[in-house]
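Novice: Full structure from sequences and hints, please.
Number of protein chains: 2
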Amino acid sequence: MDLKITMKYINDEKFQLINQTDNGLNVDMYSQNKKENQSPMELLLSALTSCAAVEIVSMIKKRRRNFKNIEAISNGIRAETTPKYFKNIDIKYLIYSNDLKIEEAERFISLSLNKYCSVGASLRKDTTVNHSFEILRD
Amino acid sequence: MDLKITMKYINDEKFQLINQTDNGLNVDMYSQNKKENQSPMELLLSALTSCAAVEIVSMIKKRRRNFKNIEAISNGIRAETTPKYFKNIDIKYLIYSNDLKIEEAERFISLSLNKYCSVGASLRKDTTVNHSFEILRD
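Just so you know, the protein sequences line up as chains F and U, in that order.
For the first sequence, our numbering gives the first residue as 1, with consecutive numbering after it.
For the second sequence, our numbering gives the first residue as 139, with consecutive numbering after it.
Among the hints, erroneous ones may be present.
Said to hold, decoys possible - Heads up, simulated DSS-like pairs for lysine-lysine below, C-alpha to C-alpha not over 30 Å straight-line: (1) U:LYS253 to U:LYS230; (2) U:LYS172 to F:LYS87; (3) F:LYS125 to U:LYS200; (4) F:LYS87 to U:LYS239; (5) U:LYS263 to F:LYS87; (6) U:LYS200 to F:LYS92; (7) F:LYS101 to U:LYS146; (8) F:LYS115 to U:LYS172; (9) F:LYS125 to U:LYS199; (10) F:LYS101 to U:LYS152; (11) F:LYS61 to U:LYS222; (12) U:LYS200 to F:LYS61; (13) F:LYS8 to F:LYS84; (14) F:LYS62 to U:LYS199; (15) U:LYS142 to U:LYS239; (16) F:LYS61 to U:LYS152; (17) U:LYS200 to U:LYS222; (18) F:LYS61 to U:LYS172; (19) U:LYS199 to U:LYS253.
The set of hints was computed from the structure by calculation and includes no laboratory data.
Specialist: Printed below as a string of structure tokens:
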């Protein structure tokens, strides 16, 4: 499915983005102490993390494993000179499940990030995306 | 600057993403008629469009040109099979300025998208990013 985004200007460092179903979000480039919204690069990291999560949950459920919750912490390391693209991204998933096996979690996360997730597949090839995980039992 | 995003689960198709300054946003994978938030791929397109816009405005102002407003319409064409990465992105910028020259607009947009914008530089090399623009005078 093709996607369409419309952008409006709020001020030099703040913009509104609206999709085809009229779901809007703001981005800003404000300094840390004034920040109201995510920056464009934070949006990209948010997109990658959640894109893979959708696939991971779907695979856990298809495998009929118990599933209670999933969380993630993502760190993006940027190039030191302009353009400051992501050189390295580390994502750690915390999966709350009583019977998900370690090998299954590893396979589902790896397949999601490297094969199924559209955002991951949209990244440049020399961006290293590493993952780790913990399975939390009751 | 390195970036960190924390993800929380809301339901199988809806997630919350929070940055280091506690600015959150939700993404969902709901069907068109139920959609409440942008999808991960819409987030990526929003990120690219706004990332370049920040640079474009900055360059217009550094050049001391009159600047009143900027808008954009972005279209992303995805691969037809999984992973449905962006094969082609078309962004049209509408710049409201009384004295910005056509050659300047072309150069600023091209430099922003292809050289300065971190999101653009994070995309895979075979994603074609095309741009066009209109300058709107008073």
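Novice: Now tell me, hint by hint, if it's right for this structure.
Specialist: Comparing the hints with the structure gives:
1. U:LYS253 to U:LYS230: holds (17 Å)
2. U:LYS172 to F:LYS87: violated (36 Å)
3. F:LYS125 to U:LYS200: Cα-Cα ~34 Å, so violated.
4. F:LYS87 to U:LYS239: violated (36 Å)
5. U:LYS263 to F:LYS87: Holds - the C-alpha atoms of LYS87 of chain F and LYS263 of chain U are around 14 Å apart, at most 30 Å.
6. U:LYS200 to F:LYS92: violated (41 Å)
7. F:LYS101 to U:LYS146: holds (22 Å)
8. F:LYS115 to U:LYS172: holds (27 Å)
9. F:LYS125 to U:LYS199: The hint is violated at about 34 Å.
10. F:LYS101 to U:LYS152: holds (24 Å)
11. F:LYS61 to U:LYS222: holds (22 Å)
12. U:LYS200 to F:LYS61: It is violated: about 53 Å lies between the C-alpha atoms, which goes past 30 Å.
13. F:LYS8 to F:LYS84: Between LYS8 of chain F and LYS84 of chain F the Cα gap is close to 24 Å, so the pair holds against 30 Å.
14. F:LYS62 to U:LYS199: violated (53 Å)
15. U:LYS142 to U:LYS239: Violated, at about 39 Å.
16. F:LYS61 to U:LYS152: Holds, because 15 Å separates the two Cα atoms, which is no more than 30 Å.
17. U:LYS200 to U:LYS222: Answer violated: LYS200 of chain U to LYS222 of chain U is near 38 Å, above 30 Å.
18. F:LYS61 to U:LYS172: holds (22 Å)
19. U:LYS199 to U:LYS253: holds (18 Å)
In terms of the numbered hints stated before, the structure departs from hints 2, 3, 4, 6, 9, 12, 14, 15, 17, listed from lowest to highest.
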